[in-house]
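First residue of the sequence shown? That's 5 in the numbering used here, and the numbers climb one at a time after it.
Don't take each hint at face value.
To be verified - Taking CB as the label site, the calculated pair distances span: (1) Gly94 - Ala162: 40 to 46 Å; (2) Ala81 - Glu185: 33 to 39 Å; (3) Glu233 - Glu69: 19 to 25 Å; (4) Arg160 - Arg57: 33 to 39 Å; (5) Arg47 - Pro188: 23 to 29 Å; (6) Lys51 - Glu117: 19 to 25 Å; (7) Asp120 - Arg180: 22 to 28 Å; (8) Ala162 - Ser248: 30 to 36 Å; (9) Gly14 - Pro116: 44 to 50 Å; (10) Arg57 - Asp9: 39 to 45 Å; (11) Val105 - Asp147: 27 to 33 Å; (12) Glu118 - Arg160: 18 to 24 Å; (13) Ser248 - Phe111: 22 to 28 Å; (14) Pro53 - Pro188: 42 to 48 Å.
No lab work stands behind these hints, which were simulated from the structure alone.
C-beta: ideal position from N, C-alpha, C; glycine also.
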Amino acid sequence: MGRLDPDFSGETVVVTGGSSGIGRAVALAFGDAGAMVVNADVRAESKDPDASRPTHEAIREAGGEAEYADCDVSDPAEVEALVDHAREYGGVDVMVNNAGVYTKTRFRDVTPEEFDDVYGVNARGAFFGTQYAANDMIARGVDGVVVNTSSDTQGRAAWDHSHYAATKGAIRMITRSAALELAPEGVRVNAVAPGPVATEIRKGWAEEAEEMQPEGETPGLPHRAAEPEELAGAYLYLASEDASYVTGETVWVDGGGHVA
Numbered sequence: 005m006g007r008l009d010p011d012f013s014g015e016t017v018v019v020t021g022g023s024s025g026i027g028r029a030v031a032l033a034f035g036d037a038g039a040m041v042v043n044a045d046v047r048a049e050s051k052d053p054d055a056s057r058p059t060h061e062a063i064r065e066a067g068g069e070a071e072y073a074d075c076d077v078s079d080p081a082e083v084e085a086l087v088d089h090a091r092e093y094g095g096v097d098v099m100v101n102n103a104g105v106y107t108k109t110r111f112r113d114v115t116p117e118e119f120d121d122v123y124g125v126n127a128r129g130a131f132f133g134t135q136y137a138a139n140d141m142i143a144r145g146v147d148g149v150v151v152n153t154s155s156d157t158q159g160r161a162a163w164d165h166s167h168y169a170a171t172k173g174a175i176r177m178i179t180r181s182a183a184l185e186l187a188p189e190g191v192r193v194n195a196v197a198p199g200p201v202a203t204e205i206r207k208g209w210a211e212e213a214e215e216m217q218p219e220g221e222t223p224g225l226p227h228r229a230a231e232p233e234e235l236a237g238a239y240l241y242l243a244s245e246d247a248s249y250v251t252g253e254t255v256w257v258d259g260g261g262h263v264a
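Work out the full structure: start from the sequences and follow the hints.
Okay, here's the thing in structure tokens:
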């Protein structure tokens, strides 16, 4: 199969939660495509077991431009400061609101504190990340792009996911609502909905899926967890001129799980 060759030279891309997992893969892909990448996270060091250096250092070593910015996206003031900081590189052209936290808790056991923690990072982070980035784009008169990380849990119920799924459903509507209101200003807003991904918290998923299948039956969709790198292309596509007529959409990258 052929491969796309995206070019983001001269553009500044901010990726929240870019130190590990999906965010790291997306940041590295934008770096390979020539963008100036700002990895905004609460720690520069990656939690990925195969990552030998922080994301921004890996991009630089490959010949790209990148830096790390400390940012807790649950605090809107820190998100606003992050967007202001990106002005040093010309301002945000592409904002990837990817930072997220996940806890596995039964519905009856979720505490208000746990709910607020998950909602603060996942939903509030995406809402104000979209808002502040869009305001910066509009003030600078550029046609910018926001890509949010949702999840396949936005549209289906799953055990022990109620509080997490609620945040991803919120991201879906943040994306759609913002796309509607920002379209006249030339700002596109889309989302990517990953299925199970083999990050540090999901290793071994394929084996678990096999165990859940009745004896003698083959696994349904998805039949394996994705590698983070398999998701990056969706983000680059949505951020590119090739997707100039795409806004308010959620692209499912879940191995077909939403159709199974």
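Comparing the hints with the structure gives:
1. Evaluation of the 40 to 46 Å hint for Gly94 and Ala162 yields a pass: the beta carbon distance comes to about 41 Å.
2. For Ala81 and Glu185, the hinted distance range of 33 to 39 Å is not satisfied, since their beta carbons lie about 23 Å from each other.
3. Hint check: Glu233 to Glu69, Cβ distance near 20 Å, so the stated range 19 to 25 Å holds.
4. Distance hint check: the CB atoms of Arg160 and Arg57 are about 37 Å apart, consistent with the given range 33 to 39 Å.
5. Between Arg47 and Pro188 the beta carbon distance is about 38 Å. The supplied range of 23 to 29 Å is therefore violated.
6. The hinted window of 19 to 25 Å between Lys51 and Glu117 holds, with their beta carbons roughly 23 Å apart.
7. About 24 Å separates the C-beta atoms of Asp120 and Arg180, a value consistent with the hinted range of 22 to 28 Å.
8. Between Ala162 and Ser248 the beta carbons are some 35 Å apart, a value that agrees with the proposed interval 30 to 36 Å.
9. Roughly 46 Å separates the CB atoms of Gly14 and Pro116, a value that falls within the hinted 44 to 50 Å.
10. A C-beta distance of roughly 26 Å is found between Arg57 and Asp9, which places it outside the suggested range of 39 to 45 Å.
11. At about 31 Å, the beta-carbon gap between Val105 and Asp147 stays in the expected band of 27 to 33 Å.
12. Distance hint check for Glu118 and Arg160: the Cβ-Cβ separation is about 21 Å, which falls inside the suggested range of 18 to 24 Å.
13. Checked against the hint of 22 to 28 Å, the pair Ser248 and Phe111 fails, with Cβ atoms roughly 41 Å apart.
14. In this structure, Pro53 and Pro188 meet the distance hint of 42 to 48 Å, their C-beta atoms being roughly 46 Å apart.
Hint compliance for this structure: hints 2, 5, 10, 13 are broken, all remaining hints hold.
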